[in-house]
Amino acid sequence: MEEKQNSQTSLDFNQNIFKPTSREEIVEIVKNCYKKNIPLEINGLKSKNKIGRNFQSEKTLDLSEFKGIIDYKPEELYIKVKAGTPLKEIIEELDKNNQQLAFEPNDFGYLFSGESNSGSIGGVVSCNFAGSRRFKVGSVRDHILGFQGINGKGETIKSGGTVVKNVTGYDLSKLVSGSFGTLTILTELSIKVLPKPETGKTLIIKNPHLKKALDFLGKALSSSTDPSGGVFYPDYFGKNFVLNDLTHDGGLTAIRIEGPINSVDQRLKRLSKELSLLDQELSILDNEQSSIFWSRTKNLEVFKKLESNLLRIVLPISETLIVIQKLKSYDIKYFVDWGGSLIWAAFETLNAKILSDIKDIVKKHQGYITLIKIEDDLKASADIFTIDPIKYKISEKIKRSFDPKRIFNPGKMYTGI
Amino acid sequence: MSSLQMPKVDNSIMSKKDKIALDLRRIINSKNVLSDPNELRPFETDGLTAYRQMPLLVVMPETVEEVSQILKYCNENKIKVVPRGAGTGLSGGSMPLEDCVLIAMGKFNKIIEIDYQNRCVVTQPCVTNLAITHAVQDKGFYYAPDPSSQIACSIGGNVAENSGGVHSLKYGATTNNLLGIEVVLMDGTITRFGGKAMDAEGYDFLGLMTGSEGLLGVITEVTVKILKSPEVVKAALVGFPSIEDAGNCVAQIIAEGCIPAGMEIMDKALTKATNDYSKAGYPTDAEAMMIIEFDGTEHEVEAYIQKAKEIAEKNNSSSLKISKSNEERLKFWAGRKAAFPACGVLAPDYMCMDGSIPRGKLAEVLNEISRLSKKYNLPVANAFHAGDGNLHPLIMFDANDKESLRKCEEFGADILKYCVKVGGALTGEHGVGIEKRELMCEAFNDRDIQQQLTIKVALDPNSLLNPGKVYPILRKCAEEGRVHVHGGKTKFPDIPRF
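Order-wise, the sequence lines are chains A and B. Positions 1 to 417 (the working numbering) are the ones given, in order, by the first sequence. Positions 1 to 498 (the working numbering) are the ones given, in order, by the second sequence.
Hint data in this document are derived by calculation from the structure and do not stem from the laboratory. Everything numeric in this text was worked out from a predicted model, so none of it was measured. In this text, a Cβ means the ideal position worked out from N, Cα and C, and glycines have one as well. Do not take every clue at face value.
As the list claims (entries may be wrong) - Footprint (simulated), chain B over chain A, 3 or more residues, beta carbon under 8 Å: (1) 67 to 78; (2) 173 to 181; (3) 195 to 203; (4) 223 to 233; (5) 380 to 391; (6) 405 to 411.
Unchecked claim - Within a straight-line C-alpha distance of at most 16 Å, the following computed EDC-like cross-link-like pairs (lysine to aspartate or glutamate) qualify: (7) K212(A) <-> E281(A); (8) K73(A) <-> D398(B); (9) K405(A) <-> E58(A); (10) K269(A) <-> E231(B); (11) K391(A) <-> D187(B).
Could you build all of it, start to finish, from the sequences and the hints given here?
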């Protein structure tokens with residue numbers, strides 16, 4: 001797709017919020033901002049725009065009208081969309097062909113506003129937060145086959161394509177995933193889609209103990225039963241899951257098995273045996289209830305309209321127990337996803353000192369923290385993302401290679417980037 | 001093929017060979033610096049044996065600090081560096097330059113840690129792909145990406161090339177199975193991207209480095225995830241009366257929601273050649289032959305095999321055999337894996353291409369290849385990782401006949417251009433290297449390439465690390481060579497190739 005570099009649109013540059021509907025308009029906006037050194041805040045559907053550092057921007061580029069499915073080929077397992085397309089619309093389209101985005105992106109709408117807002121696909125890719133299937137199918141970035149974007153000079157660039165196997169040049173699709181809109185304005189995304197499993201069932205073990213839960217999850221994930229989800233909710237969240245097949249309301253460990261019906265039943269039986277669950281109180285959620293359960297998990301519904309602070313902590317599984325034990329000295333409510341390697345932790349009180357201490361703990365255990373929701377006062381001073389000096393230097397160089405004048409979301413990830 | 005243009009030789013470096021060798025001997029154990037032509041000879045080529053070039057010097061560091069000091073020294077003295085793992089790459093990614101220091105990573109050959117609790121292996125980069133699986137298989141685990149050369153190729157090389165394999169449809173390529181790397185940048189900076197925790201935050205340098213073909217850094221440590229071995233693996237061998245039927249079968253299997261562990265198609269020419277060579281029991285009268293493999297639990301595999309059988313029958317399959325034992329399954333694969341030597345019997349030389357296409361375009365692309373085969377008057381046989389659209393045409397020619405070689409090169413380039421035209425890619429798993437460098441402008445325009453080059457310059461301002469690879473030098477789409485095999489002899493004839 002050759003770009004008309006000189007095409008002019010009828011954009012009014014005096015406005016502060018641009019709502020482009022075509023790539024040509026975006027190119028023109030960026031070229032103008034590049035020329036005049038105008039920083040741009042880039043937004044999709046604003047479901048996650050509270051994540052990241054506060055930064056100064058003169059103008060806003062709102063991509064919510066730059067939307068639409070460009071090409072969907074179910075038999076080729078890909079969908080090509082404009083970046084502002086609502087995730088919801090994509091999922092509905094895939095549903096018609098019994099396909100899905102296997103990476104189960106989080107819906108942060110419940111957390112920030114109390115209701116669903118799964119955002120735009122561009123936002124999902126820019127944040128790279130994958131849901132419960134992460135340990136089995138990979139993250140968002142593992143499903144991006146290619147993209148087209150506008151760099152900080154207003155040039156249209158592309159990388160990858162629509163085929164799954166492609167090693168032609170650097171894999172920039174990975175680099176832009178999780179870059180929080182600081183490298184390029186995504187315009188088109190080609191995403192790998194996968195068939196939905198025939199069925200999915202969830203084994204729920206009544207268990208309030210973290211140590212035991214991590215033991216169950218570790219064994220399950222290392223078994224040949226091939227689970228696709230593994231979470232632990234402590235006692236205080238048990239009541240959030242009132243489901244017909246769920247016979248108890250306390251702390252629970254849940255393990256999801258997906259695939260052909262016969263196989264799911266066989267694997268569930270095997271799993272119960274391998275985890276020696278005979279003396280445990282168990283429930284098995286059928287397909288429908290299982291979907292509800294995992295949807296609530298990916299939507300972070302236990303933190304619906306959370307008043308306090310929410311931290312996302314990723315660790316090697318071996319470190320989760322000790323880190324949570326250390327964090328319990330603070331006033332926290334948490335649950336564990338990704339089969340034990342992701343902790344969503346709400347802190348009732350958080351200040352710079354506590355934050356610094358928590359970061360040290362997590363870093364010591366080879367993990368990292370992302371501040372998803374924090375109080376405004378703290379947000380102004382705290383590092384939302386953690387980075388070491390060497391990686392900062394490299395990040396700075398990479399940022400400049402895409403956006404030499406730092407006009408895209410400047411400072412959203414790190415000061416100076 | 002001798003006309004390959006490489007970056008201009010720096011004569012001032014050439015003239016300082018002895019001094020550079022002396023300096024490097026101060027940095028690392030002097031016996032690990034090779035300067036004698038006889039010692040350098042083994043490093044003159046990789047798996048793309050059509051191209052040969054002796055390096056200025058070879059260094060064999062033993063620690064990451066040594067790698068760092070070598071790179072720092074070379075960077076300060078503007079000396080080009082080419083990294084090399086096992087040297088099995090098929091696109092010339094580790095072919096030396098006349099004025100380069102070749103960093104041979106062969107001494108980084110130990111597995112550092114096997115961590116079952118976190119289901120990962122931390123290893124030095126020159127451990128072979130298969131050695132990782134061997135190290136964990138007694139506990140029932142394995143490392144999923146399985147390039148056909150896995151017996152010899154190094155895991156560091158896999159990262160550099162983002163290697164795939166027969167099973168990448170279900171399990172992904174290297175990039176999807178990698179947790180972390182330690183890497184040394186051209187200025188000597190040692191850093192780590194990723195680790196045992198998933199999705200390290202910040203820019204995804206792990207993803208950027210994977211498949212960067214040794215242009216951005218030298219990998220000194222690799223952490224890969226390991227998976228529990230599937231309980232049951234079964235394969236079906238299916239014959240079809242036409243390529244169209246086979247292609248439709250692939251599309252429907254995918255559409256039905258079955259994702260096989262592997263799905264391979266061979267055309268009639270290759271089916272016959274491989275069957276003659278390895279007596280695999282293939283349906284040689286079929287126009288296309290497919291191997292479909294499923295893995296998982298017993299019920300799961302049974303369910304999928306049944307579904308695949310029904311779909312194959314609906315698509316006019318002329319024969320269908322399901323493996324009854326693991327031995328039989330391996331026999332199904334034996335012919336496919338012997339595709340290289342089988343072609344060596346048919347012609348004095350052949351070149352292996354590596355294009356990626358949308359699955360649904362298989363029949364169209366094979367028809368075009370067949371048309372081109374007539375146009376160039378050179379026979380061709382086709383293997384296809386049908387599940388993920390990765391096509392490997394094998395063009396047969398005679399390298400002693402210059403006209404035949406020229407025609408073969410043109411034929412190959414025409415195939416790759418056609419792959420791009422139908423929405424595919426120049427390379428699915430072999431990498432660009434020097435082989436497809438000048439074809440990059442078929443897939444990318446100047447701005448795309450410029451963006452990539454800007455990243456290169458950001459990390460290696462003097463373009464000293466593996467220059468002349470991946471990005472066009474000629475700035476025009478010249479047709480160049482492919483994997484060239486003479487008389488059935490590759491440099492490592494015993495290694496399965498693709």
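How does the coverage statement for the region 223 to 233 of chain A fare against chain B, requiring three or more residues with Cβ below 8 Å from a Cβ of that chain?
holds (count 4)
Holds or violated: K269(A) with E231(B), Cα cutoff 16 Å?
Measuring from Cα to Cα gives roughly 15 Å; hence the hint holds.
How about the region 173 to 181 of chain A: do at least three of its residues have a C-beta closer than 8 Å to a C-beta of chain B?
Holds: 6 residues of the region 173 to 181 of chain A have a Cβ under 8 Å from chain B.
Stated coverage of the region 380 to 391 of chain A by chain B [criterion: 3+ residues, CB within 8 Å]:
holds (count 5)
Within 8 Å of chain B's CB atoms, at least three CB atoms from the region 195 to 203 of chain A: coverage verdict
holds (count 4)
Proposed proximity, D187(B) with K391(A) (alpha carbon, max 16 Å):
holds (14 Å)
Straight-line Cα separation of K73(A) and D398(B) no greater than 16 Å?
violated (41 Å)
Does the alpha-carbon distance linking K405(A) and E58(A) stay inside the 16 Å limit?
With a Cα-Cα distance of about 14 Å, the restraint between K405(A) and E58(A) holds, given a limit of 16 Å.
Keeping to a limit of 16 Å between CA atoms, is the pair of K212(A) and E281(A) held or broken?
Roughly 14 Å between the alpha carbons, so the hint for K212(A) and E281(A) holds.
According to a criterion of three or more residues whose C-beta lies within less than 8 Å of a C-beta of chain B, is the region 67 to 78 of chain A covered?
holds (count 5)
Between the region 405 to 411 of chain A and chain B, are there enough contacts, at least three residues with CB-CB distance under 8 Å, for the coverage claim to hold?
violated (count 0)
Hints 6, 8 from the list above are not met by this structure, while the remaining hints are.
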